[in-house]
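2 protein chains.
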Amino acid sequence: MKIGLIGTGNLAFHLVRGLFKHDITFQTIFGRNTIEGELLARKFNSTYEIDYNFETLCNFDLIIIAVSDSAIELVAKQISSFLNSNTLVVHTSGSVPISVLASYFKNVGSFYPFQTFTKLDKSLSWRDISIFLNVETKETTNLASQKKYLLSIASTLSEKIFWLKDEDRIFLHIAAIFAHNFSNNFWRIGSEILKSKNLDFSVLLPLLKQAILKLEIMPPQQAQTGPAIRGDNAVVEKHYQLLQQNFPDYAELYKINSLSINKDLDLT
Amino acid sequence: MKIGLIGTGNLAFHLVRGLFKHDITFQTIFGRNTIEGELLARKFNSTYEIDYNFETLCNFDLIIIAVSDSAIELVAKQISSFLNSNTLVVHTSGSVPISVLASYFKNVGSFYPFQTFTKLDKSLSWRDISIFLNVETKETTNLASQKKYLLSIASTLSEKIFWLKDEDRIFLHIAAIFAHNFSNNFWRIGSEILKSKNLDFSVLLPLLKQAILKLEIMPPQQAQTGPAIRGDNAVVEKHYQLLQQNFPDYAELYKINSLSINKDLDLT
Numbered sequence: 001m002k003i004g005l006i007g008t009g010n011l012a013f014h015l016v017r018g019l020f021k022h023d024i025t026f027q028t029i030f031g032r033n034t035i036e037g038e039l040l041a042r043k044f045n046s047t048y049e050i051d052y053n054f055e056t057l058c059n060f061d062l063i064i065i066a067v068s069d070s071a072i073e074l075v076a077k078q079i080s081s082f083l084n085s086n087t088l089v090v091h092t093s094g095s096v097p098i099s100v101l102a103s104y105f106k107n108v109g110s111f112y113p114f115q116t117f118t119k120l121d122k123s124l125s126w127r128d129i130s131i132f133l134n135v136e137t138k139e140t141t142n143l144a145s146q147k148k149y150l151l152s153i154a155s156t157l158s159e160k161i162f163w164l165k166d167e168d169r170i171f172l173h174i175a176a177i178f179a180h181n182f183s184n185n186f187w188r189i190g191s192e193i194l195k196s197k198n199l200d201f202s203v204l205l206p207l208l209k210q211a212i213l214k215l216e217i218m219p220p221q222q223a224q225t226g227p228a229i230r231g232d233n234a235v236v237e238k239h240y241q242l243l244q245q246n247f248p249d250y251a252e253l254y255k256i257n258s259l260s261i262n263k264d265l266d267l268t
Numbered sequence: 001m002k003i004g005l006i007g008t009g010n011l012a013f014h015l016v017r018g019l020f021k022h023d024i025t026f027q028t029i030f031g032r033n034t035i036e037g038e039l040l041a042r043k044f045n046s047t048y049e050i051d052y053n054f055e056t057l058c059n060f061d062l063i064i065i066a067v068s069d070s071a072i073e074l075v076a077k078q079i080s081s082f083l084n085s086n087t088l089v090v091h092t093s094g095s096v097p098i099s100v101l102a103s104y105f106k107n108v109g110s111f112y113p114f115q116t117f118t119k120l121d122k123s124l125s126w127r128d129i130s131i132f133l134n135v136e137t138k139e140t141t142n143l144a145s146q147k148k149y150l151l152s153i154a155s156t157l158s159e160k161i162f163w164l165k166d167e168d169r170i171f172l173h174i175a176a177i178f179a180h181n182f183s184n185n186f187w188r189i190g191s192e193i194l195k196s197k198n199l200d201f202s203v204l205l206p207l208l209k210q211a212i213l214k215l216e217i218m219p220p221q222q223a224q225t226g227p228a229i230r231g232d233n234a235v236v237e238k239h240y241q242l243l244q245q246n247f248p249d250y251a252e253l254y255k256i257n258s259l260s261i262n263k264d265l266d267l268t
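Sequence order for the protein chains is X and Y.
Take the first sequence: its position 148, counted from the start at 1, is 148 in the working numbering, and no numbers get skipped.
Take the second sequence: its position 163, counted from the start at 1, is 163 in the working numbering, and no numbers get skipped.
Hints may contain errors.
No distinction is drawn between identical chains; accordingly, a pair holds when it is met within one copy or between any pair of copies.
In silico lysine-lysine, DSSO-like type, Cα no more than 27 Å apart, as pairs [unchecked claim]:
1. Lys2 to Lys263
2. Lys77 to Lys160
3. Lys147 to Lys106
4. Lys43 to Lys21
5. Lys160 to Lys197
6. Lys263 to Lys148
Treat the hints as calculated values from the structure; they're not laboratory data.
On a predicted model such as this, the values are computed, not experimentally measured, just so you know.
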């Protein structure tokens, strides 16, 4: 089986690394970033091609497009004339519908791992990561075999594989944005408030670790603590006023998030 | 040294348990909840007294008031007539100023552990938890010895002890509310969006664990990912519209938090 990868970013890195551990190598890795691409290819027994040098793409069974959302369609267009019509082309995006690919290819899909990827993070294990797959094909007789093929790749990495339609996948992405991106922004805000008192962000880490451990024994609905859920209006109001005076950018965030936890709070 | 504890909640439980491991026991644990109080006292070699039965409080060196913020002043008032005037009285609140105690006692302070506590959570270790202390006394000759005494108790539990004034401690509490309480609310929202697609919250856990691990190698400022920080206006706008249609309660939260990450986004 010949597999190609387009992209050399964080997800691309972990995908190559994860599959390599199970003896699946990418024939070719394409990317704009020559240094990253060469390094990745050399380390994981692949070859590197500069992005746009797509003429080597014939006779691939699977192409994984792991580039930023906004570049997916452009890449699809660029590679479309070089691919064998039987190639399955998937992207790794939470938000981009696979119809973007269907304009250019017969067999299209998505391979969406529900995780945050950083190259620096060498401890990442694919085993527990949920991967959400979707495949569509213009030849319905082909669908079962294409799905089976993508499933075989994904199952190599993880035991948690789900089939999910585009219109549902986008809600997963939104859930991840709340649970991760927006939380990370609050960790930043926490770190900035601490910094103003000459305290390092690291004092927050044990709290955050414990908060996640707690989620293993109870759902977040039950794990909620703090003055807002207790309905402690006096404390919430005091915090709100202090923020208005000292961190006006965060005051409205404090208010709207407190009200999201407890709509019965009465804030001026 | 005679130490008394008022409260039998989550923090009280872990305080008794943590100090017991280092051979420090509470002479008496006071609380409204007879079952919790009796259990806690029996398990950790203390005696239990029902709340309001404070006449046994004479000759204590330290009283830790570990009750909810709104009950601290009432408890202080109730116990004030029974205490020896040399007793140090501290509370465990992030937001309540120690002046609330100073109306009733000569030696007052706070003992604020920067952590979330749940009785169910048997894995909790005090070692890494930052504890913020404050002591004030009406007899300044007494201050050093009172501080030393409180420090000796706190140092038994953790290596991370900080002295912090009331007006700074409240900002720590606000930082913790952003970093923990508000994040937990987003985990709840994430879980509710997933539930609407028949997916369990557990698919989010590997993502959240990795997000926290990431913070050990980079600050949250640098760890930020997602469409908002990338300035991917099309994706953010699409999510916002989908939320307005499907989860109207979360649409404004999505918008305000996206703008907090990237104020250059242009959302209708």
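TODO: Of all the hints given earlier, name the ones this structure violates by number, lowest first.
DONE: 1, 2, 6
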